[in-house]
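Chemist: Numbering (our numbering), first residue to last: 16 to 379.
Wrong hints could be hidden among the right ones.
Stated by the list, open to error - Capping the alpha-carbon separation at 25 Å, the derived lysine to any residue pairs in SDA-like fashion look like this:
hint	residue 1	residue 2
1	K189	I208
2	K362	H343
3	K189	V309
4	K362	Y315
5	K189	L30
6	K194	F359
7	K237	C148
8	K237	K131
9	K137	F156
10	K137	Y190
11	K137	I207
12	K127	L182
13	K237	M282
14	K137	C148
15	K237	C205
16	K127	Y184
17	K237	F142
18	K362	M282
19	K362	V309
20	K194	M282
21	K189	E335
22	K237	K194
To be verified - The following label-pair restraints were derived from C-beta to C-beta distances:
hint	residue 1	residue 2	range
23	F206	N263	43 to 51 Å
24	V308	F206	50 to 58 Å
25	L30	C148	45 to 53 Å
26	V316	A138	52 to 60 Å
27	P211	V128	16 to 24 Å
28	W139	P238	25 to 33 Å
29	P211	P238	22 to 30 Å
30	A336	Y190	41 to 49 Å
31	I299	I186	24 to 32 Å
Simulated from the structure, these hints should not be mistaken for laboratory data.
Don't be surprised by glycine CBs; every beta carbon is placed ideally from N, CA and C.
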Amino acid sequence: MEKREEGRKKKNLGLLVLGLVFLFSGINIILLVNKLKPWVGALFFLIGLGIVIYAARPDILEKIFGKKITNKIENKDIKEKENQEKEKKIKDETICEDEGKKEIKKITFLEKVVDKITLGGKAWFIFPIIGICLVVIDIYFNLKVVGETEWGSFDYTVTLLGIVLILYYAIPKKYTREKNFMLTFLSLLCFIIILPIIVSFAFTEKTLGSSVEWYTSELLAKPLAEFVTLLGIPTTAYGEMITFTDINGHPNSLVISLGCSGIYSTMIFVSAFFGYVLTEYQRINFRVGLLLVVGIVTAYVANILRMTIIVFVGYYYGMEALIWTHAHAGEIIFICWIALFWYFMFKYLKPEEEEVTTTNQNEA
Numbered sequence: 016m017e018k019r020e021e022g023r024k025k026k027n028l029g030l031l032v033l034g035l036v037f038l039f040s041g042i043n044i045i046l047l048v049n050k051l052k053p054w055v056g057a058l059f060f061l062i063g064l065g066i067v068i069y070a071a072r073p074d075i076l077e078k079i080f081g082k083k084i085t086n087k088i089e090n091k092d093i094k095e096k097e098n099q100e101k102e103k104k105i106k107d108e109t110i111c112e113d114e115g116k117k118e119i120k121k122i123t124f125l126e127k128v129v130d131k132i133t134l135g136g137k138a139w140f141i142f143p144i145i146g147i148c149l150v151v152i153d154i155y156f157n158l159k160v161v162g163e164t165e166w167g168s169f170d171y172t173v174t175l176l177g178i179v180l181i182l183y184y185a186i187p188k189k190y191t192r193e194k195n196f197m198l199t200f201l202s203l204l205c206f207i208i209i210l211p212i213i214v215s216f217a218f219t220e221k222t223l224g225s226s227v228e229w230y231t232s233e234l235l236a237k238p239l240a241e242f243v244t245l246l247g248i249p250t251t252a253y254g255e256m257i258t259f260t261d262i263n264g265h266p267n268s269l270v271i272s273l274g275c276s277g278i279y280s281t282m283i284f285v286s287a288f289f290g291y292v293l294t295e296y297q298r299i300n301f302r303v304g305l306l307l308v309v310g311i312v313t314a315y316v317a318n319i320l321r322m323t324i325i326v327f328v329g330y331y332y333g334m335e336a337l338i339w340t341h342a343h344a345g346e347i348i349f350i351c352w353i354a355l356f357w358y359f360m361f362k363y364l365k366p367e368e369e370e371v372t373t374t375n376q377n378e379a
């Protein structure tokens, strides 16, 4: 029985990681300049979201297929129980009594924020209004400020956030975690990626790429050139450009643009990480902060590794192979890194769970 439960646990964890890989790959395709169309990214995003919902809430298939799917509660270690009992004494707990039952329910950080914004749900209409305004502002910015009518990558992200806000209170409560994650993830993504671009363009008419030249020059181009040189290929960095001579003696140069800098991928990770933490935890503790730092550092290392592979391919096989690797290696490394990181995060950073204790009022 224990082996069966352990197998079911690993299966659910694997499905959850697979869903997140599809979800974040979809966002990555939408935001980054890629050969694939943005609608392909949206399709990946929806597939990933479906897998995540299935892995997290297998009971939803009862209504779809008419079959009952049970997800047995796993036995917990004594130490985990003791730790959870201590955590229940904090002031953020709410106690609900209903027909002889006393329920102890943890309120996550995001639930507190939503509760304050909507005045405990009384002003629920605020979210649909904000969602509609976001879509209208996005359309106005494209037509009047930028002067483009084509639907761009950032427009998909803003529209997804607007839809989540509009439908937030229409989504059943049993999907609270899922909708809260989407709300936090997309909100942070718009705040740390799209908003700076809009502000920078509106007031200075400069793109975000011109604002991160120092990062691409000092933290990417120079370390990359030194690392590749250390591995045996003489490489020189000039600002955002690196130059090297291939095995046939032909000089080659690469410019690290905004799309190649890894900034978008790192911001996607940070948004997703906080989306998970704020919908599962009451507070950010040391372990959460440490894991965030580890995630950002590994994202940076993965990006350096990606660019190193690109240079090596260009050195041995020429520019055509380099261009092909540049177009595909980033996605492959991003997917592998996302899968590994979230697998270990789900394994070692377990969410704060709700527990219910029952008392019998008839007992004297």
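Chemist: Decide, hint by hint, whether the structure agrees.
Modeler: Structure-based check of each hint:
1. K189 <-> I208: violated (30 Å)
2. K362 <-> H343: violated (29 Å)
3. K189 <-> V309: violated (32 Å)
4. K362 <-> Y315: The given pair, whose Cα atoms are some 22 Å apart, holds under the 25 Å limit.
5. K189 <-> L30: holds (19 Å)
6. K194 <-> F359: holds (23 Å)
7. K237 <-> C148: Not OK: K237 and C148 at ~43 Å, beyond 25 Å, violated.
8. K237 <-> K131: violated (47 Å)
9. K137 <-> F156: violated (32 Å)
10. K137 <-> Y190: Roughly 20 Å separates the two Cα atoms, so the pair holds.
11. K137 <-> I207: violated (29 Å)
12. K127 <-> L182: holds (19 Å)
13. K237 <-> M282: It holds: about 22 Å lies between the C-alpha atoms, which stays within 25 Å.
14. K137 <-> C148: holds (20 Å)
15. K237 <-> C205: It is violated: about 30 Å lies between the C-alpha atoms, which goes past 25 Å.
16. K127 <-> Y184: Given that 25 Å is the threshold and the Cα spacing comes to 15 Å, the pair holds.
17. K237 <-> F142: Not satisfied, since the Cα-Cα distance of roughly 45 Å exceeds 25 Å.
18. K362 <-> M282: holds (23 Å)
19. K362 <-> V309: Cα-Cα ~15 Å, so holds.
20. K194 <-> M282: holds (20 Å)
21. K189 <-> E335: violated (51 Å)
22. K237 <-> K194: Violated, because 42 Å separates the two Cα atoms, which is more than 25 Å.
23. F206 <-> N263: 43 to 51 Å: Given range 43 to 51 Å: holds, Cβ gap about 47 Å.
24. V308 <-> F206: 50 to 58 Å: violated (20 Å)
25. L30 <-> C148: 45 to 53 Å: violated (36 Å)
26. V316 <-> A138: 52 to 60 Å: For V316 and A138 the Cβ distance comes to about 45 Å; the hint is violated.
27. P211 <-> V128: 16 to 24 Å: Holds, since P211 and V128 (Cβ atoms, about 22 Å apart) stay within the stated range.
28. W139 <-> P238: 25 to 33 Å: The hinted range 25 to 33 Å is violated for W139 and P238, with Cβ atoms some 49 Å apart.
29. P211 <-> P238: 22 to 30 Å: holds (24 Å)
30. A336 <-> Y190: 41 to 49 Å: holds (46 Å)
31. I299 <-> I186: 24 to 32 Å: holds (26 Å)
When the structure is compared with the earlier hints, violations turn up for hints 1, 2, 3, 7, 8, 9, 11, 15, 17, 21, 22, 24, 25, 26, 28 and for no others.
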